[in-house]
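Asks: Listed below, chain by chain, are the residues.
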Amino acid sequence: MTLVEEPTAAGTAPEKEIGRARRRKEDARLITGRTTWTDNMVLPGMLHLAVVRSPVAHGKITSIDVSAAQQAPGVVAVLTGRDVADEQGSLPCAWPVTPDMVNPGHPSIAVDEVNHVGEAVAVIVARSKVAAQDAVELVDVDYDLLPVVLDMEQAVEPGADLTHDHTSSNTSYHFVFDAGEAGTGGDTEQAFADAEVVVSRRFVQQRLIPAFMEPRSVVVQPQGDNYTLWSSTQIPHILRVMLAMVTGVPEHKLRVIAPDVGGGFGGKITPTPEEVITLLVARRLGKPIKWTETRSESLMTAHHGRDQIQFIDVAADREGNVKGLRVRLLADMGAYLRLITPGIPALGAFMFPGIYKFPAYRFECDGVFTNKVPTDAYRGAGRPEATFAIERIMDELAVELGMDPLEVRRKNWIQAAEFPFTTVAGLQYDSGDYEQATQDALDLFGYAELRAEQQRRRESGDPVQLGIGFSTFTEMCGLAPSRVLGSLSFGAGGWESASIRMLPTGKVEVVTGSTPHGQGHETAWSQLVADSLGVPFEDVEVLHGDTSISSRGLDTYGSRSLVVGGSAVVKAADKVVAKARKIAAHLLEASEDDLEFSGGTFSVRGTPGTGLGIQEIALAVFAAHNYPEGIEPSIDAEATFDPENFSFPHGTHLCAMEVDTDTGLVKIRKYACVDDIGTIVNPLIVEGQVHGGLAQGIAQALYEEAVYDADGNLTTGTFVDYLVPSAADLPHFDTGNTVHTAPGNPIGAKGVGEAGCIASTPAVVNAAIDAVRHLGVSDIRMPLTPERVWRAIHHGGDGGDRASARTNAQAVDSSEGPSTQGGNR
Amino acid sequence: MIPAPFAYACPSTIDEALQAVASGGEDVKILAGGQSLIPVMRLRLAAPETVVDLTRVAELRGVREDGDAIVIGAMTTHSDVLADPLIARYAPLIAEATETVADRQVRHRGTFGGALAHADPAGDLPAVALALDAEFVVAGLEGRRTVAASDFFVDYLTTVLQEGELLVEIRVPRREGWGMHYEKFTRVAQAWSIVAVAAAVRMEGSRIAEARIGLTNMGPTPLRASATEAALTGAEATAEVIAAAAQHAAENTSPSSDLNAQADYRHHLAQVLTRRAVTAAAGL
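Read top to bottom, the protein sequences are chains G and Z.
Position in the first sequence (from 1) plus 23 gives the number in the working numbering.
Position in the second sequence (from 1) plus 113 gives the number in the working numbering.
Treat each hint with caution, since some may be false.
What the hints assert, rightly or not - Using C-beta positions, here's what the derived DEER-type ranges look like: (1) G/S191 with Z/T271: 32 to 38 Å; (2) Z/S125 with G/T59: 55 to 61 Å; (3) Z/A117 with G/T55: 51 to 57 Å; (4) Z/Q360 with G/K690: 48 to 54 Å; (5) Z/A117 with G/R224: 47 to 53 Å; (6) Z/A302 with G/D485: 42 to 48 Å.
What the hints assert, rightly or not - Footprint (simulated), chain Z over chain G, 3 or more residues, beta carbon under 8 Å: (7) 150-157; (8) 404-414; (9) 458-468; (10) 660-674.
Unchecked claim - Coverage of chain Z stretches by chain G, computed from C-beta distances (three or more under 8 Å per stretch; other residues unrestricted): (11) 175-188; (12) 196-208; (13) 346-355; (14) 361-371.
These are calculated hints, taken from the structure and not from any lab test.
Quick reminder that beta carbons are idealized off the backbone N, C-alpha and C, glycines included.
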């Protein structure tokens, strides 16, 4: 299904905006770039900042000579970590997942020790960006090299080299969820002891780079003791609080603005070293400062995602009924803990059971430090990792039992009549119908014909084999119920705020605390408000991203915006209507109880011809000449929505994969998916989110991997080597929906931002393995490069490591790769 | 990122260009389409003292016939190559390979001669030039010389071009009626070749009278699959014969190991892709 905006007959407004495939009102400015990207900001007297970065992954800084840089043309100041040691504090980590979690502290500029390649060791401030960049090469830094820790399995061995010399091990925390102990399931060890069949696998979730389109950028303007900070961030509200706490700039003296932001995918969810540095430098120099990263800097130093080694065991009986699930993770934190680094795998802990009725479940995770850039949220954040593991091992279980992979799933999944269903992980799944979504997906896919073709190709020994992969997934969205976050030791709540301002001319300003970075909030919120208030879509303006306009908010991540932020908008709109009702009753000289509100107009029941529009009431309230005693002359309203439960989108994704056994090249032949995301406000936005999510999930399966060489240099330091697919590399997507509304919010929406990304990866890998399983292949490590697929077919194993010493970009050694590091390497 | 400072010259004739190169100091880089040079300068992997920009040298552009050859100006862009009727008729292999070079934007800027002079082992055009026995016309202050393709590529990113010399045009023998095919293997569209094979075949009835096979990215320079060529010459063009000949495609190659492929896998790919390229070129 490819959607285009529905034509409407001139002059006939649709009955409802919700459900209409509106073209996004923000896209013209976003696509043309004629807007306020942070890097477009130019302020009088503005200075430019460039960062000198470590070329070594682990070492003691023995000396830094900045004298040549200080004397370079245009340079205003050069600051090292030592210069800001007393004021830079530590970048915050808001999620201590266990009470004894080790946090080594995260300076924005390294002071004594560097712990990953690309870590800041000094900054140059100059009158132009060119001057700043030229001076970077003039800073001489000497390092005493220390052992580099890169491999998690080695890092947790006794006596292993240490990522940080002041910690006693490389383990940050050991997090356990045991359903038996939690009272949500049986004894897991007993379940395995009694099992007729146990299947165990080790899966590798490779490290990924969020690779948002707009590189990060920060501008800080000091005005007296006030500071305005523009940043390409997902989290202006959280950033303001965190920067106040880290730098000591009082919260009320700091205004944070996220202007239009060009994507994030979780990659802009944490306060960054560069945001802290830019603020500190602006405070010290009293001048506006700008920092904008290059793409190479972004790939090397912005946080990464995924990076887990997963040991997963499933217990079942011979009939295919699952009896227990056991998961042990090693999760790579990188060198430091950023805002929610340790919480990502812990969030995933609750999703490993997937849609299946496991009677017993135990999860253990070690957060492990390595000398790499920190990990943190990346589209799905914990849930893609969990979904991959469970959906892969359900296929392996089916093979072990000699059953059809769909049959094993069907036997164990939650039935439609069983909702709401409390899982072995303690979550209460809200609504859905896995059978219906699966049946719809099979129909879209043309399952029977593809299976028949697969059979023909096998029998004829065709060099191109065909495979079919399933992913019947669910996820938890709508982050998040504040009390649940509290129980998980998260440092904040999960509510969202909105307010609605009725202007004298009847136009409407909606202020949302959920800050968009490309999702289409302005369009979707306008549709919500148009329906709630009965005003034209075009009469609604959505304001966001500026803490002095939108003072309360918790921003955008975890498919929360519509579910939580949109619900706050709807509740605020309901309050506007309730306030307007009192005015209307007064002006119409009727009882409130006799008024009905429809299509934006209050009218007196049974009295045709009476009627007062809410936009007229806005003017009447502005004039305030005539309003009831005892109320304030305003129909503006504010609301905060705190969900009581997560929402649980689900769906069935099917992939047919061609594998060229001569070369190992894989090619998606067909992809079909049916997602249940509850109420659909804008089908066009939903389709876009699903397509983009599929692209990213398929990219994890087939293309993307952050690779480090033996010295800890990022080999995939440019887009030549870090392969992000384009439309030319992706198939047509056949998409569909079932709709089971979410009971936990007034819209009934479940969230769609991450669905495609979470669901698709295991479907793609399962499909490739299904194509060549008869040739002896039972696993292929992601991404499925042609070389890995070829090796798995012809040499066995999972395809093995890639050669990491040379990049394809100009075929240089990665140690010579792009960097902004100083001299004296 | 921002390149290091450099001096810039923008000549409008070949003679002026040669003068600009001669007077440009120690480290002069010649800018053709800039699709390789500009990125490495922006990453500061290259920091030339002087950049001599050939964009305005009109005599370096265009394709003409000259006796038994077609002559392609070094500054002819990839997109002009794709649209050229002489290339389509006499050297369609060039067009077929050029079509796989990067994306539209790059093909509008990048040039035929620039790609050859850059001599990236993963670039598509050197192996094509080698397979077609192209000749490279090189100009210097002392005059011009002509170099065979087999002598032009010396090492990794290195050609016979000496300091002060310019590649001005490439002469390609007319091969009307030959079967040609470029078989390229990449992970995503727009990427450099992991391995690619350029094949040109002259058929006489059902036999292969002549075969020329160039290999991309199987060593520091483009290579000919000589043993395969020898096995095919005069042979019946059957699937079995071609497959057997292609088994020799990786002989005397020394490919590198990188993120996309280790050397042994490249050896294997060369064989598979040679079989496919020759099969297509022979019209099977």
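Asks: Taking the earlier hints as the rules, which of them does this structure contradict?
Replies: 1, 2, 3, 4, 6, 8, 9, 10, 11, 12, 13
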